[in-house]
Amino acid sequence: MQSDTKTKAGTAVGFVLILVWCLLPVAWIISLSFKGAAETAAGSPQFLPKDPTLDNYKTVLGVGNLSSGDAPDPAVSDDFLRALLNSFGIALVATLLSVVFATLAAYAIARLEFRGKRLVLSIALAIAMFPVVSLVGPLFDMWRTFHLFNTWPGLIIPYMTFTLPLAIWTLTAFFREIPWEMEQAAQVDGATSWQAFRKVIVPLAAPGVFTAAILTFFFAWNEFVLAISLTSTTGSRTVPAQLSFFVGPDPFNPPYGQLATASVVVTVPIIVIVLLFQRKIVAGLTSGAVKG
Amino acid sequence: MSATAVPTGKTTARTSDRAAGENRLGLKLVAPAVVVMLIVTAWPMIQALYLSLFQYRLTAPDEKEFVGLANYASVLGDSLFWQDTFNTLLIMVVTVAVELVIGFVFAMVMHRVIFARGVIRTAILIPYGIITVVSAFAWQFTFSLSNGWVNSWFAWLPGISSDTNWFGDHWPAMFAIMVSEIWKTTPFMSLLLLAGLSQVSEDMIEAAKVDGATWWQRLWKVILPNMRAAIMVAVLFRALDAFRIFDNIFVMTRGAQDTESSSFLTYRQVIEQFQLGLGSALSVLLFLSVLLLAFSIVKLFRVDLAQARGEG
Chain A
1 MQSDTKTKAG TAVGFVLILV WCLLPVAWII SLSFKGAAET AAGSPQFLPK
51 DPTLDNYKTV LGVGNLSSGD APDPAVSDDF LRALLNSFGI ALVATLLSVV
101 FATLAAYAIA RLEFRGKRLV LSIALAIAMF PVVSLVGPLF DMWRTFHLFN
151 TWPGLIIPYM TFTLPLAIWT LTAFFREIPW EMEQAAQVDG ATSWQAFRKV
201 IVPLAAPGVF TAAILTFFFA WNEFVLAISL TSTTGSRTVP AQLSFFVGPD
251 PFNPPYGQLA TASVVVTVPI IVIVLLFQRK IVAGLTSGAV KG
Chain B
1 MSATAVPTGK TTARTSDRAA GENRLGLKLV APAVVVMLIV TAWPMIQALY
51 LSLFQYRLTA PDEKEFVGLA NYASVLGDSL FWQDTFNTLL IMVVTVAVEL
101 VIGFVFAMVM HRVIFARGVI RTAILIPYGI ITVVSAFAWQ FTFSLSNGWV
151 NSWFAWLPGI SSDTNWFGDH WPAMFAIMVS EIWKTTPFMS LLLLAGLSQV
201 SEDMIEAAKV DGATWWQRLW KVILPNMRAA IMVAVLFRAL DAFRIFDNIF
251 VMTRGAQDTE SSSFLTYRQV IEQFQLGLGS ALSVLLFLSV LLLAFSIVKL
301 FRVDLAQARG EG
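Protein chains in written order, with the numbering used here: chain A, 1 to 292; chain B, 1 to 312.
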């Protein structure tokens with residue numbers, strides 16, 4: 001009995017510590033986003049803002065007037081909103097294409113007997129471990145030759161490459177759980193392999209496909225190395241790249257508040273996705289790597 | 001469906017025609033994925049191998065000149081390369097070791113918690129989903145001399161005062177970088193460990209308890225050995241991921257105070273210095289290091305790769 005109480009107390013303490021550890025940095029950038037430029041320039045090491053202001057949000061999103069009466073700098077919001085559009089566009093297209101290709105491949109791996117199956121899985125494993133930076137030089141060169149440098153497809157193609165392994169694993173694991181008798185029943189009823197795939201399996205596999213899509217989206221939304229190497233203007237620069245290059249007018253006094261605000265804005269979609277689909281994300285992350 | 005259906009789906013009596021058709025369909029279905037995976041990796045790596053044999057600057061493309069292995073010689077003879085390799089390995093070893101411990105504690109708590117499971121899952125997934133650059137900024141501002149709260153909160157610790165400049169010296173800067181890396185990637189580790197933990201049979205733990213094993217003994221003799229495979233896969237993935245560390249260093253120090261990593265050095269040579277020949281040599285070396293590292297971890301810890309590949 002005593003050890004049970006101890007375990008329970010330990011779990012409760014652990015629970016609180018985990019929440020604090022995971023959420024404190026998020027709370028910190030939220031707090032920082034409400035600190036005015038004057039406050040951070042003077043140095044403000046206390047956690048909460050002394051004089052909360054919406055100025056940073058007005059500047060970053062390009063709306064309204066600042067509390068000091070000036071209009072927000074339009075260059076800041078133009079660049080940020082353009083980067084946000086690039087990030088969404090590139091991540092969504094890469095996710096869509098990657099998941100379609102991975103679905104086809106995972107179906108074949110989970111269901112069909114064909115030569116080279118092990119080779120495909122080995123390639124996927126190798127790609128998952130590939131040092132992305134190694135590609136920066138040759139890709140930089142190749143993309144300039146093919147006029148893909150500083151374009152959306154120039155990022156979408158490598159994002160597909162590096163998300164395919166995770167998508168293939170996740171989907172293969174999901175596809176193995178599907179009741180295959182239904183496919184056989186369809187085939188007995190005269191459907192071809194392809195028809196059985198399209199009409200019976202796709203609806204059953206939809207939840208798995210959706211999970212793979214979330215994980216793929218997270219990767220593309222987060223990617224940084226290629227985003228700074230294969231783009232040169234705001235025309236195709238994504239949010240992580242834009243944030244890292246944004247130093248403001250005074251390099252010795254970075255715009256803490258604006259950077260924190262932009263960080264909060266790009267974290268909101270992640271928090272929404274996590275809140276809605278946490279169960280699916282956990283299932284997807286663990287299914288690929290550990291058999292269950 | 002009907003109880004007579006064969007669950008494995010492997011029909012033994014299959015005409016060779018049907019098998020050939022299945023083989024063709026299989027290849028057709030995996031082809032697009034394989035092509036996309038190789039087009040951006042295999043071909044550029046061959047390109048890098050070729051370019052690494054030349055003295056080639058993008059700013060002076062006409063002076064491209066074959067130099068054999070000279071680029072490799074100058075890289076391997078440079079102390080900066082070794083300093084960066086050491087930094088990278090150190091970050092890898094420390095972060096993976098710390099994450100293994102914290103991640104296991106996370107997994108234990110998540111496994112035991114019976115209330116508010118959704119809350120803890122959400123909390124853990126936020127660092128996982130957050131952009132690494134954002135994590136780097138959050139921690140950079142946390143450790144910032146003028147605007148960070150670390151100095152005021154932890155001034156009671158020896159060595160920390162209100163004017164501790166975390167990014168002014170090698171070790172404190174490395175520490176800050178590692179904290180950000182650990183914060184961002186522990187969730188991934190803990191979820192893999194949680195999956196392993198849930199596979200350990202409760203009966204076995206209960207039996208050990210009845211036999212009088214202490215909590216510590218149960219942990220080391222029953223729980224950990226039974227989730228070995230999950231631990232090894234988690235270590236393999238996280239170690240290789242940590243070895244490629246780039247984003248945190250780029251944002252937090254830009255490599256100042258000798259905090260540069262191998263990935264950062266390669267990036268800097270290619271994109272900032274336009275040294276495509278030398279940079280390609282670094283790319284090839286980085287690729288070989290990852291290969292060697294993956295091979296060593298798999299051999300050293302006898303990781304079950306079939307499991308890592310998702311083959312049941």
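Please note: incorrect hints may appear among the correct ones.
[As the list claims (entries may be wrong)] Covered stretches of chain A (in silico footprint by chain B; criterion: 3 or more residues with CB under 8 Å from a CB of chain B, positions within the stretch not fixed):
| id | region |
| --- | --- |
| 1 | 71 to 85 |
| 2 | 137 to 143 |
[Said to hold, decoys possible] The calculated lysine to any residue pairs, modelled on SDA-like cross-linking and capped at a C-alpha distance of 20 Å, are:
| id | chain 1 | residue 1 | chain 2 | residue 2 |
| --- | --- | --- | --- | --- |
| 3 | A | Lys50 | B | Trp153 |
| 4 | A | Lys50 | B | Gly212 |
| 5 | A | Lys117 | B | Met204 |
| 6 | A | Lys117 | B | Ser201 |
[Said to hold, decoys possible] DEER-style ranges, computed between Cβ atoms:
| id | chain 1 | residue 1 | chain 2 | residue 2 | range |
| --- | --- | --- | --- | --- | --- |
| 7 | A | Leu85 | B | Asn226 | 42 to 52 Å |
| 8 | B | Ala60 | A | Phe245 | 23 to 33 Å |
| 9 | B | Glu272 | A | Gly43 | 28 to 38 Å |
| 10 | B | Lys299 | A | Pro207 | 32 to 42 Å |
| 11 | A | Gly43 | B | Ala60 | 43 to 53 Å |
| 12 | B | Ala155 | A | Asp51 | 23 to 33 Å |
| 13 | A | Leu119 | B | Lys64 | 27 to 37 Å |
| 14 | A | Asp189 | B | Ile114 | 24 to 34 Å |
| 15 | A | Pro153 | B | Trp171 | 35 to 45 Å |
| 16 | A | Phe245 | B | Val101 | 52 to 62 Å |
| 17 | A | Met182 | B | His111 | 45 to 55 Å |
In case anyone wonders, no lab produced these hints; they're calculated from the structure. Note that this is a predicted model, so its numbers are computed, not measured. The beta carbon of each residue, even a glycine, is placed where N, CA and C say it ideally should be.
Results of checking the hints against the structure:
no., hint, result
1, 71 to 85, "violated (count 0)"
2, 137 to 143, "holds (count 6)"
3, A:Lys50 x B:Trp153, "holds, 17 Å"
4, A:Lys50 x B:Gly212, "violated, 57 Å"
5, A:Lys117 x B:Met204, "violated, 36 Å"
6, A:Lys117 x B:Ser201, "violated, 32 Å"
7, A:Leu85 x B:Asn226: 42 to 52 Å, "holds, 49 Å"
8, B:Ala60 x A:Phe245: 23 to 33 Å, "holds, 26 Å"
9, B:Glu272 x A:Gly43: 28 to 38 Å, "holds, 31 Å"
10, B:Lys299 x A:Pro207: 32 to 42 Å, "holds, 37 Å"
11, A:Gly43 x B:Ala60: 43 to 53 Å, "holds, 46 Å"
12, B:Ala155 x A:Asp51: 23 to 33 Å, "holds, 24 Å"
13, A:Leu119 x B:Lys64: 27 to 37 Å, "holds, 36 Å"
14, A:Asp189 x B:Ile114: 24 to 34 Å, "violated, 46 Å"
15, A:Pro153 x B:Trp171: 35 to 45 Å, "holds, 43 Å"
16, A:Phe245 x B:Val101: 52 to 62 Å, "violated, 36 Å"
17, A:Met182 x B:His111: 45 to 55 Å, "violated, 34 Å"
When held up to the earlier numbered hints, the structure conflicts with 1, 4, 5, 6, 14, 16 and 17 and fits the remainder.
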